Amino acid sequence: EIQLQESGPGLVKPSQSLSLTCSVTGYTITSGYDWSWIRKFPGNKMEWMGYISYSGSTNYNPSLKSRISITRDTSKNQFFLQLNSVTTEDTATYYCARGTYYGPKDYWGQGVMVTVSS
Amino acid sequence: DVVLTQSPATLSVTPGERISLSCRASESVDTYLHWYQQKPNESPRLLIKYASQSISGIPSRFSGSGSGTDFTLSINGVELEDLSIYYCQQGNSLPFTFGSGTKLEIK
Numbered sequence: 002e003i004q005l006q007e008s009g010p011g012l013v014k015p016s017q018s019l020s021l022t023c024s025v026t027g028y029t030i031t032s033g034y035d036w037s038w039i040r041k042f043p044g045n046k047m048e049w050m051g052y053i054s055y056s057g058s059t060n061y062n063p064s065l066k067s068r069i070s071i072t073r074d075t076s077k078n079q080f081f082l083q084l085n086s087v088t089t090e091d092t093a094t095y096y097c098a099r100g101t102y103y104g105p106k107d108y109w110g111q112g113v114m115v116t117v118s119s
Numbered sequence: 045d046v047v048l049t050q051s052p053a054t055l056s057v058t059p060g061e062r063i064s065l066s067c068r069a070s071e072s073v074d075t076y077l078h079w080y081q082q083k084p085n086e087s088p089r090l091l092i093k094y095a096s097q098s099i100s101g102i103p104s105r106f107s108g109s110g111s112g113t114d115f116t117l118s119i120n121g122v123e124l125e126d127l128s129i130y131y132c133q134q135g136n137s138l139p140f141t142f143g144s145g146t147k148l149e150i151k
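Residue numbers (the numbering used here), protein chains in the order written: chain W, 2 to 119; chain E, 45 to 151.
Derived by calculation from the structure, the hints in this document are not laboratory data. Check before you lean on any hint, since a few could be wrong.
What the hints assert, rightly or not - If we take Cβ atoms under 8 Å as the criterion, some of the chain E residues that face chain W in the derived model are:
{"id": "1", "residue": "Tyr-76"}
{"id": "2", "residue": "His-78"}
{"id": "3", "residue": "Ser-87"}
{"id": "4", "residue": "Pro-88"}
{"id": "5", "residue": "Leu-90"}
{"id": "6", "residue": "Lys-93"}
{"id": "7", "residue": "Phe-106"}
{"id": "8", "residue": "Leu-127"}
{"id": "9", "residue": "Gly-135"}
{"id": "10", "residue": "Leu-138"}
{"id": "11", "residue": "Pro-139"}
{"id": "12", "residue": "Phe-140"}
{"id": "13", "residue": "Thr-141"}
{"id": "14", "residue": "Phe-142"}
{"id": "15", "residue": "Ser-144"}
Keep in mind that this is a model prediction, so the values were computed, not measured. Here a beta-carbon is modelled for each residue, glycine too, at the ideal position from N, C-alpha and C.
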C-alpha cells in the first residue's frame, strides 16, 4: 500500500524558513510520477506549490518561485519542501501528494499544519 | 494561470437528492480536470479523474462530465457521509490550479 507522510515543525517564525519532509512507503519515488507539495489555507483555498519528478527535475508555482525549493533523498525515499522568508500568509496545512502532469493527485499524505507566528 | 470557478460555494441538501456541482475554467483544459472530496480533518480523496473516469473504490453514485471549460460532478442520491468540501483541479497547464470548493451541508 502506498503511503505518504509529512513531518516537520508546526510553528515557524516570520522571516525564517519552513522545512518539511514527505516520507513515502510502498513505492519508490524514482520509479515514476511527480511528487508534489500542495497547501490548504484557512478558508479552504488550495494551492499547488511545486513538484519534483521521478527523474529529479522540478517545477514550481511562479507565485513562489523565488522562495521555494523541492529536493529529495532517494536513499531514504523522501522528498522535501523548503520555503524561505515565510510570513503569516504562509500559515496553512501542507500536503505531499503523488501525481502526474495532466493527471490527478492519487495519493496524499495526512497533512501537517504549519503556523507562522512570532 | 487557469482560474477554476466552482458553484455554488455552499449547497444544502437532503439525503437521497441527486445534485450537481459545477466547475468552470477560464480557458479550455480539455479533459484534464479532476475532482476531489475532502472531509473535515482528512486529506483530499480522488473521486473522478480526466473529467469522467471513475476511480476504483469510489461509490458509483459519483459521476463526472464535461470537457473544455464546463464540468459537472454529480451525486446520484446524496448520503450523510458525502458531507464534505468538493474541489476540482486542472492538470492541463502549469501552475496546476484548484477551484475554491463547494461545501455540501445538510438542509
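For this session: Using 8 Å as the Cβ threshold, decide whether Pro-88 (chain E) counts as touching chain W.
Result: At about 6 Å, which falls below the 8 Å cut-off, the nearest Cβ of chain W leaves the hint on Pro-88 (chain E) intact, so it holds.
For this session: Grab the minimum C-beta distance from Phe-106 (chain E) to chain W and call the hint holds if it beats 8 Å, violated otherwise.
Result: Violated. Min distance 14 Å.
For this session: Report holds or violated for the interface hint on Phe-142 (chain E), using the least CB-CB distance to chain W and a cut-off of 8 Å.
Result: holds (4 Å)
Problem set entry | Given hint Ser-87 (chain E) near chain W, where the shortest CB pair must fall under 8 Å | holds (4 Å)
Problem set entry | Restraint outcome when His-78 (chain E) is required to lie within 8 Å of chain W by C-beta distance | With a closest approach of 4 Å, the His-78 (chain E) hint holds.
Exercise. Do the numbers back the hint for Pro-139 (chain E), that is, is its least Cβ distance to chain W under 8 Å?
Worked result: Cβ of Pro-139 (chain E) sits 4 Å from chain W, so the hint holds.
For this session: Go through the hint on Leu-127 (chain E) and say holds or violated, using the shortest Cβ distance to chain W against 8 Å.
Result: Violated. Min distance 14 Å.
Problem set entry | Minimum beta-carbon distance criterion (8 Å), Leu-138 (chain E) to chain W | Where the cut-off is 8 Å and the nearest Cβ of chain W is about 6 Å from Leu-138 (chain E), the hint holds.
For this session: Verify the interface restraint on Ser-144 (chain E): the C-beta must sit less than 8 Å from at least one C-beta of chain W.
Result: At about 6 Å, which falls below the 8 Å cut-off, the nearest Cβ of chain W leaves the hint on Ser-144 (chain E) intact, so it holds.
Exercise. Do the numbers back the hint for Phe-140 (chain E), that is, is its least Cβ distance to chain W under 8 Å?
Worked result: Status holds, d = 4 Å.
For this session: Would you check whether Tyr-76 (chain E) satisfies its interface hint, that is, whether its CB is within less than 8 Å of any CB in chain W?
Result: With a closest approach of 5 Å, the Tyr-76 (chain E) hint holds.
Exercise. Holds or violated: is there a CB of chain W closer than 8 Å to the CB of Lys-93 (chain E)?
Worked result: holds (4 Å)
In the structure shown, a violation is registered for the earlier hints numbered 7, 8, in ascending order.
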